[in-house]
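Peer 1: Quick mapping for you: the protein sequence lines, in order, are chains A and B. Mapping of the first sequence onto the working numbering: residues 6 to 316, in sequence order. Mapping of the second sequence onto the working numbering: residues 941 to 1220, in sequence order.
The set of hints was computed from the structure by calculation and includes no laboratory data. In this text, a Cβ means the ideal position worked out from N, Cα and C, and glycines have one as well. It cannot be assumed that every hint is accurate.
[Said to hold, decoys possible] Pairwise CB distance ranges (calculated):
{"#": "1", "chain 1": "A", "residue 1": "114", "chain 2": "B", "residue 2": "1018", "range": "24 to 34 angstroms"}
{"#": "2", "chain 1": "B", "residue 1": "1120", "chain 2": "A", "residue 2": "313", "range": "35 to 45 angstroms"}
{"#": "3", "chain 1": "B", "residue 1": "996", "chain 2": "A", "residue 2": "239", "range": "31 to 41 angstroms"}
{"#": "4", "chain 1": "B", "residue 1": "988", "chain 2": "A", "residue 2": "194", "range": "46 to 56 angstroms"}
{"#": "5", "chain 1": "A", "residue 1": "194", "chain 2": "B", "residue 2": "1104", "range": "23 to 33 angstroms"}
{"#": "6", "chain 1": "B", "residue 1": "1195", "chain 2": "A", "residue 2": "315", "range": "24 to 34 angstroms"}
[Said to hold, decoys possible] Every beta carbon over 10 angstroms from chain B, so not counted as near; a handful from chain A, in silico:
{"#": "7", "residue": "21"}
{"#": "8", "residue": "23"}
{"#": "9", "residue": "88"}
{"#": "10", "residue": "97"}
{"#": "11", "residue": "207"}
For reference, the chains in residue letters:
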Amino acid sequence: MARSTRTLLVGLAVVGAGILLAALRVNPYVYFAGYVILQYVVMATAWNILGGYAGYVNFGTPAFFALGAYTAVFLIQSTRAPLPVLILAGGLVSGLLGLGIGYLTLRLRGVFFSIATLALSIVLQTMIINWEYVGGSRGLSVIRPSGPPFGSYVTFLFAVMVLLSVMAVTVARFIERSWVGRGLAALRDNEEAAECMGVPTLRLKLFATTVSGVLLGVAGAPFPYYVTFVEPTSAFNLDYAVNALAMPMIGGTTSWVGPVIGAVLLGTAQQLATVTISSEMNLFIVGVVLVAFVVLAPEGIVGLVRRVRGR
Amino acid sequence: MVAGLLLGGFYAAVSLGVSLIFGLLDIANIAQPAFVILGSYAAYVMNSSFGLDAILTGLLFTPVFYVLGAVVYRLYYGSFERRGEESLRGLVFFFGVLFIIEVSLSLKYGVDYRLVEAAYIGKSIDLGGVGIAFRLLVPCLVGLAMTLALHLFLSRTFYGRAVMAVSQDRLALRLMGADPVRIKTIAFGVGIAAASLAGALLITIAPVVPSTDRDYIGRMFAITVLGGMGSIAGTLVAAVILGVAESLMSTFFGPSWSLAVSFGILLVALAVRPAGLLGR
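Let the sequences and hints guide you as you build the complete structure.
Peer 2: Encoded structure:
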């Protein structure tokens, strides 16, 4: 009990610090960059619930993210719904997609699952391209609602993202510490053995894919207001897939801290590279760092730290 | 329809490498399309600076790609396969390789469309009222030749048979006195070498940008899965099916839908019949 209270306090403190930072109004670029980094914290954490805990590598991250974003676009177009509604709806729709993907794991494991998720992303993108109401292939510009609760709209979105990332990390941490996390770890290591030991593998997998989908959709829902112009190529960008996968891999996939460390490090490095060198360079960095970590330090930074401590 | 058939021959050429590496060796080389694009750029560079024919370049570069493939496999083997943790980390490894190749190309050559020039591009012959563009015919013929060559390699030569054996029973192969790792290195090298030629064909058919590889991930794996994981004849059949399906789709519904065909077929094939059309 004391422990969960402490977690709650730490979470609240982070949210408070975020809002304080938003109220400080330093250089606006800080919020722009910070939003992207926090968005990656949410995405990396969401990816890790399925990829790290359950061992199902999802290449379809852009599908879930863009589905969240396009659900928001649809609601903005049709009803001009407020931001909290957009976030809830985005999470709900992406969560349903996650549930569907979960049933796919009945037949597809390992590599085949990964390729199927990649295929899913492209099929969804084609459907969005051909759906004129949400902008089709040309894209759609979205007008931000006037009068955010505080600061400029970007600082407001930044604060929202702080809240969302704290929420995502809390969910991941809770899953990791509960019997659900242990069940997922069991099926990651050997699905047949876990099933034989009485672990409800299907229910756990469905739970993991759904939660992962919800969080990715939630990360995508504020996206239209952030960029103010949504088009399929950027929303379904495969860069999200490699980033959402590289960040937990670099940080460490077995613990909730891993994706956060990875997202903050890699996200910051990319923001710096985009400003100082070129935007293509940042993907190159991701690729090289990803391959280097997978080959040399498969346990990620968390694993490295543990090894040093263990000695 | 005819264009679809011709496209099918070309798709077979593109997918042979995946069929060999993923289907037979069971290595999830998701970076294969990037190697194909690398082949396209090799063809482009040689064509624009020396005026060399694209397909000839593709052929000339096969040894280079073979060595490249062998090196990549050794790295993969040393880091993952020997430790027995190949499937997931290996997949991530190749995903990283895909991005490294793609971004290196766009850093070096930019994101403009590149194309090659050859005497036969733009010409066509008339067969009973149906015009057939050499631009499509030549890649199709080369693709068929490659399919045949790989089939002969696998069924007639010692190394080819050893590759088939390694996919079935590694221990038995070792008892026969052949080294599985060496055989796999050879097969991986051949698969990547096929990408060199396939890349040359690709740039003959249409202009190429570094990110073209993303479109081909789905096609390649759809064809390999549909064809039955490593069956060379199945690959050809599946490639033709996909080629025809795509060109019909693009005629009736517009070109923006044609990419979804391959991925749609892939999803259905994976969900309904993972063993493929001509599966074992």
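Peer 1: Non-interface claim for residue 23 (chain A): all C-beta distances to chain B beyond 10 angstroms?
Peer 2: 31 angstroms, holds
Peer 1: For the hint 24 to 34 angstroms, verify it against the beta carbon of residue 1195 (chain B) and that of residue 315 (chain A).
Peer 2: 57 angstroms, violated
Peer 1: Is 31 to 41 angstroms a correct range for the gap between the Cβ atoms of residue 996 (chain B) and residue 239 (chain A)?
Peer 2: Check passed, 39 angstroms falls within 31 to 41 angstroms.
Peer 1: Do residue 988 (chain B) and residue 194 (chain A) keep their Cβ atoms within the hinted range of 46 to 56 angstroms?
Peer 2: 52 angstroms, holds
Peer 1: Was residue 21 (chain A) rightly flagged as not at the interface, with every chain B Cβ beyond 10 angstroms?
Peer 2: 36 angstroms, holds
Peer 1: Could you see if the CB distance from residue 1120 (chain B) to residue 313 (chain A) stays within 35 to 45 angstroms?
Peer 2: Holds, at about 36 angstroms.
Peer 1: If I claimed the Cβ atoms of residue 114 (chain A) and residue 1018 (chain B) lie 24 to 34 angstroms apart, would that claim hold in this structure?
Peer 2: Distance hint for residue 114 (chain A), residue 1018 (chain B) holds at roughly 25 angstroms.
Peer 1: When you look at the beta carbon of residue 97 (chain A), is every beta carbon of chain B farther off than 10 angstroms?
Peer 2: Consistent with the label, residue 97 (chain A) stays out of reach of chain B, its closest Cβ about 23 angstroms off (over 10 angstroms).
Peer 1: Taking the shortest Cβ-to-Cβ distance between residue 207 (chain A) and chain B, state whether it exceeds 10 angstroms.
Peer 2: Consistent with the label, residue 207 (chain A) stays out of reach of chain B, its closest Cβ about 16 angstroms off (over 10 angstroms).
Peer 1: How does the Cβ-Cβ distance of residue 194 (chain A) and residue 1104 (chain B) compare with 23 to 33 angstroms: does it lie in that range?
Peer 2: 32 angstroms, holds
Peer 1: For residue 88 (chain A), which was marked as not at the interface, is the minimum beta-carbon distance to chain B over 10 angstroms?
Peer 2: 31 angstroms, holds
Comparing the model with each earlier hint shows a violation of hint 6 alone; every other hint is respected.
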